[in-house]
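2 protein chains.
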Amino acid sequence: MNQDYIVPDNWSVIEEGFEPAHVRSSESLFSLGNGAMGQRANFEEDYSGSTFQGSYIAGVYYPDKTKVGWWKNGYPEYFAKVLNAPNWIGIQIEIDGENLDLKTCKSVANFRRELNMKEGWYKRSFQAVLPNDVEIQVNVLRFLSLEWNEVGAIRYQIRPLNKSVNVTWKPYVDSGIENKDTNWEEKFWKVDAIKQYKNAGFIQSHTLKTNFEVVTFMDNQVFLDGENLNLQPAAVTQEESKVQLSYSVSVGQDQTVVLQKFGGYVTSMNHAVENLFEAAQNAIDRANQLGFETLLSNQIEDWDRIWQMSDITIEGDVKAQQGIRFNIFHLNQTYSGKDSRLNIGPKGFTGEKYGGSTYWDTEAYCIPFYMATKDQNVARNLLAYRYNQLEKAIENAEKLGFSNGAALYPMVTMNGEECHNEWEITFEEIHRNGAIAFAIFNYTRYTEDESYIPEKGLEVLIGIARFWHQRATFSTHKNKYVILGVTGPNEYENNVNNNWYTNYIAKWCIDYTVQQIENVAQKFGSDYTRIMNKAKLSQAEISEWKKVADNMYFPYSEEHGVFLQQDGFLDKELVSVANLDKAQRPINQKWSWDRILRSPYIKQADTLQGFYFFEDHFTREELKKHFDFYEPFTVHESSLSPCVHSIQAAVLDRMEQAYTFYLRTSRLDLDDYNKEVHEGLHITSMAGTWMSIVEGFGGMRVKNGTLSFDPKIPAEWQSYSFKVNFRNRIFKVQVSQSGTEIFVDGDQNIAIQLNGESFEAKALLNI
Amino acid sequence: MNQDYIVPDNWSVIEEGFEPAHVRSSESLFSLGNGAMGQRANFEEDYSGSTFQGSYIAGVYYPDKTKVGWWKNGYPEYFAKVLNAPNWIGIQIEIDGENLDLKTCKSVANFRRELNMKEGWYKRSFQAVLPNDVEIQVNVLRFLSLEWNEVGAIRYQIRPLNKSVNVTWKPYVDSGIENKDTNWEEKFWKVDAIKQYKNAGFIQSHTLKTNFEVVTFMDNQVFLDGENLNLQPAAVTQEESKVQLSYSVSVGQDQTVVLQKFGGYVTSMNHAVENLFEAAQNAIDRANQLGFETLLSNQIEDWDRIWQMSDITIEGDVKAQQGIRFNIFHLNQTYSGKDSRLNIGPKGFTGEKYGGSTYWDTEAYCIPFYMATKDQNVARNLLAYRYNQLEKAIENAEKLGFSNGAALYPMVTMNGEECHNEWEITFEEIHRNGAIAFAIFNYTRYTEDESYIPEKGLEVLIGIARFWHQRATFSTHKNKYVILGVTGPNEYENNVNNNWYTNYIAKWCIDYTVQQIENVAQKFGSDYTRIMNKAKLSQAEISEWKKVADNMYFPYSEEHGVFLQQDGFLDKELVSVANLDKAQRPINQKWSWDRILRSPYIKQADTLQGFYFFEDHFTREELKKHFDFYEPFTVHESSLSPCVHSIQAAVLDRMEQAYTFYLRTSRLDLDDYNKEVHEGLHITSMAGTWMSIVEGFGGMRVKNGTLSFDPKIPAEWQSYSFKVNFRNRIFKVQVSQSGTEIFVDGDQNIAIQLNGESFEAKALLNI
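So the sequences go chain by chain: E and Z.
So for the first sequence, UniProt numbering puts the first residue at 1; every next one is plus one.
So for the second sequence, UniProt numbering puts the first residue at 1; every next one is plus one.
Since the hints were derived computationally from the structure, they do not count as laboratory data.
Since the model is a prediction, treat every value here as computed from it, not as a measurement.
Backbone N, C-alpha and C define an ideal beta-carbon position, used for all residues, glycine too.
This list has only true hints and no planted wrong ones.
Facing chain E, a subset of chain Z residues (Cβ under 10 Å, in silico):
id, residue
1, Val68
2, Lys72
3, Gly74
4, Lys399
5, Phe427
6, Asn497
7, Glu559
8, Asp567
9, Arg598
Model the full structure from these sequences, guided by the hints.
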């Protein structure tokens, strides 16, 4: 771990003491989001120290012109960038004419941040002595309403401690923001109009190229010792891209003055452009009608409902408890499942690195979490997102020379178009197609929703099967089909031949698609006819697919009894990570790319990812052999790595190792394992953390329609519990050092197994 | 071929008729250079049609900030760009107030360009009717003095054909130029001072970052019907980065008015910065003293001297004759060998694509040409260029994780630093190190200069041997040393394992270095001690090198009886180029990169490059097998490809194929085979053209100190002849359909073979 300043607490993320070097890290960790918008935990008041100002609106992006050194045919012209959005939280504050800025204060004491995950709010408090020797106590509370997701609220409280002062509040909305992550240092926003009315300020601006129209708004009230002063702004400043109000209040020593600010966004994704100002005013009116306290208590209730279903409790290990709740909290802040146009960006609302909102992370890591802790429509919406982008995936494959409806989903996307531009990833990391098919299988297996495949999924599967059929080539030398020139999940290998994972999932995709075609033919005749006609798919073509699937080559080492990650893996210098000089780690920061590529080191589960997806295709002995062969070469320099290894270590009864991996995945950002938390959080891997408890320690599996558990518990824990929604029944699994209890709501006539034995459900207990 | 508008001629490149679509192509083909500066064949007068204005100064470059999509550790921070330099050829011309611009003329007739390669000048003539109906005859002669290489001369002649007119000449010098090839669209030049004195104009400007100071100058004289009017400028315009003079002359119908313009550059590479204006004035004074005609006749004499030695004659095939002279002419325009700081840029003075001046092309393709047609010091200077950059090569290797004096020469460089930034090339195309060692061997073998290795070469060899020793790794699986993750000469493969060519030349480098260490130890004791101490090289280390060389792995196919280009080559779909749909060609313009990579198609000789370098390590039968296996997969999409294949086809007595390859290499630019001549010429491959005659058809080899020839002649030719300087004796080889004659100057007691028989040299004949 690289930092440990976060105070362990069961329900909150807490920072104590003001340390400027932690500001950007904490801005990430204390981020707020409500599925529709979010922002880093930037200070509301001015801060002249090092900071990374970031506000984000779900689904609003900018197609930045691709930057490459050397253009390759097939590169996308644009890279969909996550957009830093106008800032509505800003409040400049003058105390007796002195600007409040923690960087310039004579002293800052009792600085404390708390992100209360249980109730969904963020609080900051401190005492500061300003350059003019005024001493003040500050408390700031901020939250983004889950219920009214266009609105956020700030209550900024100041109490002068050593004298009576004049406080000038200057709340503002600013659209003059620039992306941290931009290819050409261009501005992405253009201001259309600025309005000001009573205590409110509005800026209408649109994104260049994509023309998302957004009205960013604020409304302000000033209170003294709890009483609304009903002030009107003493001054209004409108600049090119900023509107700022000003309120001055005389505040006696030990009196408390409060600026209450509501703010947020209304966008053309959800309103007609001509109604945006009205929609913004409506949002303000609603917030004012409800009032800060009611909005807050609703917020607490809404978060309580989320936790009712998705909480995981851990007793006896507060850091582990804090870690899992931190992960679950941010997942829920990032994606609510309400809007099928949205997806789960790798940094959520906490940063803008990577760009794009959708990676294979969604299918491989996130779907299990949303599937088990939300209504199953949420997972279905995530699948439908890919169905809605099928045509673009077919176009994408055509750009790369494929035909006949073969679909290659993009590595990174915002709207279905590829927006990544490294040939070794964009063109070669094609296993992503496999995860998208696997998610359809996984969803169907888990939910028993038989309608998705005939309605939507089968068309996606056919496009994917066609891709694999065309992408594999026949090696006369091997007398097998081979898949040349790929990058597997282990991105520390590029352009390799016969990556076992890719070959395996390619074969599986074809087999599964053929099976589903037969199933739909039998059970959903009219869907079958519609799909076969639309796809112009013949039995002859299916036979060609099968030839590839039935004769796929898998690299294997007789000597080691393992499948090889790719052809030639054994030619490497097989020095384990344990024997690698620590000064060389992390290798992605210390080594040139060629050195990484020719090393045996594995960024994240690759062959083992296949053993995770297809666990029941292999024996426990086989898993053990492969784990023992590959894990020692694994550097876990991807956030997606520890979770899969934690699950497999648990399967292999290596609880100490499983626990170490668990801590690493659950506290990846809290403890900043990868030295990059200041850039934002690793949102998608947080779902992997959830899996490492539910599927790893809890041993949850679904086989042949039966839900089973094989619970284990780390020695460090007294107990843990989690809930899953399985086929619209809720199960609570309570595991302690002395045994496991399972509770189920509603009808108990459902096949369940515990440790391989069929299970008799106890009465529903408080769920 | 993609164009055929160049008129076949033995000694000149000729274009007849004005075709705006050909302008940019002709600007490349008719380029002038004198080793120190050069420029594209841009019109002197204004031209509002499509044009690519380009002037270049040898050695003057700009380190453009590297542009990549995704930064990798080890990438160089800067890319040394060939710099588009200030323009001194420009002359705006007004005829009765109407600007002369071929794009706007009512008609253009008898347009003709001629690049007279024999005499080293470029002439353009045309008749035009201007928008104001004035009809004029124009003749322009331009050359860049070989003798006074800071000066060029233009004689611009106008004759009004249908009326008396007023001609206003507005010659200028312009430093406001921009690079065509720039990463960030920045300007590379900053103007320091502009001066004007009598008929001269000067601009002093410097390159940003590198601070090369350059004074670009001009001096003008106006003549009417041959008489110098001794005009002073009627007006002088000084703009921010331009100085322009103006002369007005009344010209009667059928009178001839001439603007004679001398211009050029003096730079801080050759003069103290404070003396630059004086140096420029001196250059002008000297040119004026000599006068245009004397400069021109000197030019003709100087080119005659070059041709005396380097000409290749071909009888019976004017296109072949024009092709080879075009190649030899541009090689001599690009690099004179006078200045060891310079090298042979891939586009010479004809364009700015690629950047950098030095590639492995110099060692692999260019050295044989300069070695055989120039004083041997020229080739020695080219070797010394790398010796002078040895420290940078060691630093470069250190950046990639190597140590102990291992040297990796850059893929592309201007000053010894790497300036390429694609990981698959920069970090992996390491075979370039082998060519640099091979050139030392080749030079020593050819010249018998025993001093270079003890003085300089051995240190380079040691750095290179150390690199290979460290770069190879031991495969316990193969029980051999392997070289993983490389790009071979065939850049249509990236990150492959055990590229045969790379492995072979790595082993050879070590063996050769060890042998040279022993040789220096025996013959040059003090050098030996100095070098071993400087390099801190022990016998123990040498033994470690030998282990690698003696146990190197070479991929081989028993089935085909050939070495494999790399591991796994046989897994590809081995469809020959002949069976590839023509609509898919060239694949580098039609296919995405992954598709190219997994195909069997070869950009340029790879395994066969090894058979070219090390021909005598293999039997003719082995060469035949490898040629027959690899050539059918070769798409020759590198300009460096046809020449090697031409040589090998000739060895294999496949004269028809050899001739086809010869035409392709010699007329690559004239006929624009690769559809890119408008970007500039392929200078380095021109040396390959020379090799394809001398080593291919002529069969020249040096073995054990003996010069041998095995001449063949294409059916299309009556005869051909070439000369080589071998160990300071000049041989002329005259091959006709009826036999071969060899002439030698000076002492004839030298071992020579013709067709395997020892040869009795005839008396020197006119050489």
